[in-house]
Amino acid sequence: MSDAGAETIAVVAEHFDGKLRPITWELLGAARELQTRLPATVIAVVVGGDAIGLAAELAPAADETLAIETPNAVSYNGEVCGAVLAEALAERPAAFVLVANTTQGLDFAPALAVRLGAACVTAVEGFAFEDNGILFRRAAHGGKVVAVIRAEAPAVLAVQPGAFRRPDPSANGAGAMTVVRRLAAPARTRNLGVKRALAADGELANAEVVVAAGRGVKKREDLALVRETAALFSRAAVAGSRPLCDAGWLPYQRQVGATGATVAPKFYLACGISGAAQHVVGMRGAGFVAAVNRDPHAAIFNVADVCVVDDLAVFLPLFIAACRGAGKS
Amino acid sequence: MSTKSGRALRRRCKTGNLKRRRQFKGTNRVKILVCAKQTLDPEAPLRFTDGALALPPDDADYFRLNPCDAQAMETALTFREAGGGEVDVVSVGPPRAARAIRRAWAMGADRGFHLLTAADEFDPLAVASWLAAWARGRAYDLILTGAMSEDAMRGVVGPALAAQLGWPCATFAVEAKASSAGDAVVVEREIEGGFRDALELRLPAVLTIQTGPRPPRYPTLTALLRANQTPLAVIDAATLPRPARRQSVARWASATKTRAGLTLTGTTAEKAERLRRILTERGLLV
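Top line first, the protein sequences correspond to chains E and L.
So in numbering that gives the first Met the number 0, spot 145 of the first sequence is number 144, and the numbers just go up one at a time.
So in numbering that gives the first Met the number 0, spot 227 of the second sequence is number 226, and the numbers just go up one at a time.
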């Protein structure tokens, strides 16, 4: 049972195409973790054209649920979302407002913080409960280090997907639901529609092994080595991090990460990938991970089962040779 | 740096991007401000002891113009080429940040401004306040900045700046062009799952720009040399209003390890053989 109290922790649900995104449940998990330190009521807030149905789905997992129906902004609109949330949170001030660290949450969170006079900490991946308050852990410098942030409440916190677990069903709250209707229409923005820019890549989605190239792949020859390495495995696909796709060396369909593909192969071999959160979010479900990077402090080694500190241009030819040699004997 | 010397800079540059302004027809003229940050290259050595982060020395190899901000600069220049107008670049940062401003300037900006701080400012809302104070009253139509800096990775300054100015904002933009009427921008935001969210924003507006397939232009050597020789307009950030500090770094810590991370040792050939064996034992390599 939840430990409701005088304070409020607000969770802003993220939904897309009429469905709650998994991060919404993780936000509730994060709120429950904060609740162990701060006696508070966890209120889930859903904004959108179809807010009521989604709020009903969330209600059993929160202490209270607020559905803000916006019939004049059916799909996500940052202007309307920010305005109605600021209004709701002015009426019901929250010590912490938890939003998703996604292209949607990051779109409205800073403006919401400005309107509420709150701090804004993004990419939060953990809390540190200390004598003098609650601190927020977030990765910086390509994931090599973690900044532990002190922020005064009220604070808007954008929570990194995958950082918190869904709450235990036994932590279910009271489930009281309030519905309000806000007729605000966007005045200075106009939604022109969401379209699919990239078709999912079937070969990548079905691959059992993904060999991925990152910024450490400096030359076309290095990319050829990555392809040659992938050819050693059956059902393998070559993928990459954003810089490689921006450079035109791999199609965007092969980009693994937050705005690219999410993969969960049996084996993921990261070649010259730094391991920033934006990439890791797309591959952390892999069964077994090996990473090759010449920087011993590269963040990718924090999410790898096997670490090879080496230049991929030197390592991969020897690895290919070792596999081929073993195949012949 | 005054407008006059900006023009002089363009006149002096016989080649490269700085010359293109003359082609503009003036129908969609926009006055653009690009907010650029000098960032630490993620490959730079980084150490922390007792919770304090030791940045590498002030070295041109380690500090550079944030890649997304270079993309924002490229977008601004594309707007100027399409419809005419002006592009200013501004950066908040310590003295070394001047190099990033000069780099952006050499790409083809008309003016460069440095909001000088004693050290790197870790409160993004303070940075946004300074930028808002600077931009207010200067009649910009469009403010562009990178979607995120590659060192702090926060993505807060752009949208917070928009909120402080009371302007609409679109984040993670990968396409941006002037509307046919010229009073709005049409933007495509890159969102999760291979989708794009298209929207129109009335000017003035703030866009945060994501890197994409059109790489930022490379400044010509002449433009770089000229930019390096021209004095920047420097404004002491302490003279600009800022909100009370609401957040700060309490300490720096090691990144969390989520997997075992067995580090292979020996020669490169030995490591290659070891990895082959591990994968074979796991049935991943047959």
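Treat the hints with care, as some may be off.
[Stated by the list, open to error] Within a straight-line C-alpha distance of at most 16 Å, the following computed EDC-like cross-link-like pairs (lysine to aspartate or glutamate) qualify:
#1 K265(E) / E202(E)
#2 K194(E) / E174(L)
#3 K176(L) / E80(L)
#4 K176(L) / D119(L)
#5 K256(L) / D304(E)
#6 K18(E) / D49(E)
#7 K217(E) / D310(E)
#8 K217(E) / D245(E)
#9 K176(L) / D235(L)
#10 K176(L) / E199(L)
#11 K217(E) / D309(E)
#12 K217(E) / E42(L)
#13 K194(E) / E199(L)
#14 K18(E) / E56(E)
#15 K265(E) / E280(L)
[As the list claims (entries may be wrong)] Calculated Cβ distances over 12 Å to all of chain L for the following chain E residues:
#16 A5
#17 T35
#18 R36
#19 G52
#20 A55
#21 E90
#22 R91
#23 D106
#24 A112
#25 E129
#26 V144
#27 P153
#28 K194
#29 D221
#30 I319
Simulated from the structure, these hints should not be mistaken for lab results.
Keep in mind that this is a model prediction, so the values were computed, not measured.
Even glycine gets a Cβ: it sits at the ideal position worked out from N, Cα and C.
Now for the hints, and whether the structure bears them out:
1. K265(E) / E202(E): At roughly 14 Å apart (the allowed maximum being 16 Å), E202(E) and K265(E) satisfy the hint.
2. K194(E) / E174(L): Since the Cα atoms of K194(E) and E174(L) sit roughly 13 Å apart, the hinted pair holds (cutoff 16 Å).
3. K176(L) / E80(L): holds, 11 Å
4. K176(L) / D119(L): violated, 33 Å
5. K256(L) / D304(E): Since the Cα atoms of K256(L) and D304(E) sit roughly 10 Å apart, the hinted pair holds (cutoff 16 Å).
6. K18(E) / D49(E): holds, 9 Å
7. K217(E) / D310(E): holds, 11 Å
8. K217(E) / D245(E): holds, 13 Å
9. K176(L) / D235(L): Distance ~34 Å between K176(L) and D235(L) Cα, so the pair is violated.
10. K176(L) / E199(L): Roughly 10 Å between the alpha carbons, so the hint for K176(L) and E199(L) holds.
11. K217(E) / D309(E): Judged against 16 Å, a Cα distance of about 14 Å means the pair holds.
12. K217(E) / E42(L): Satisfied, since the Cα-Cα distance of roughly 13 Å is no more than 16 Å.
13. K194(E) / E199(L): Holds: K194(E) and E199(L) sit about 15 Å apart, inside 16 Å.
14. K18(E) / E56(E): holds, 10 Å
15. K265(E) / E280(L): holds, 14 Å
16. A5: holds, 22 Å
17. T35: Check passes; 19 Å lies beyond 12 Å.
18. R36: The assertion about R36(E) holds, with a minimum of 16 Å to chain L.
19. G52: G52(E) is indeed farther than 12 Å from all Cβ atoms of chain L, at 21 Å.
20. A55: holds, 24 Å
21. E90: Check passes; 19 Å lies beyond 12 Å.
22. R91: Correct as stated: the minimum Cβ-Cβ distance to chain L is 20 Å, above 12 Å.
23. D106: Label violated. Min Cβ-Cβ 5 Å, cutoff 12 Å.
24. A112: violated, 7 Å
25. E129: violated, 8 Å
26. V144: violated, 5 Å
27. P153: Answer for P153(E): violated, closest chain L Cβ roughly 9 Å.
28. K194: violated, 6 Å
29. D221: Nearest chain L Cβ is 15 Å from D221(E), so the label holds.
30. I319: violated, 8 Å
Checked against the numbered hints above, the structure breaks hints 4, 9, 23, 24, 25, 26, 27, 28 and 30 and satisfies the rest.
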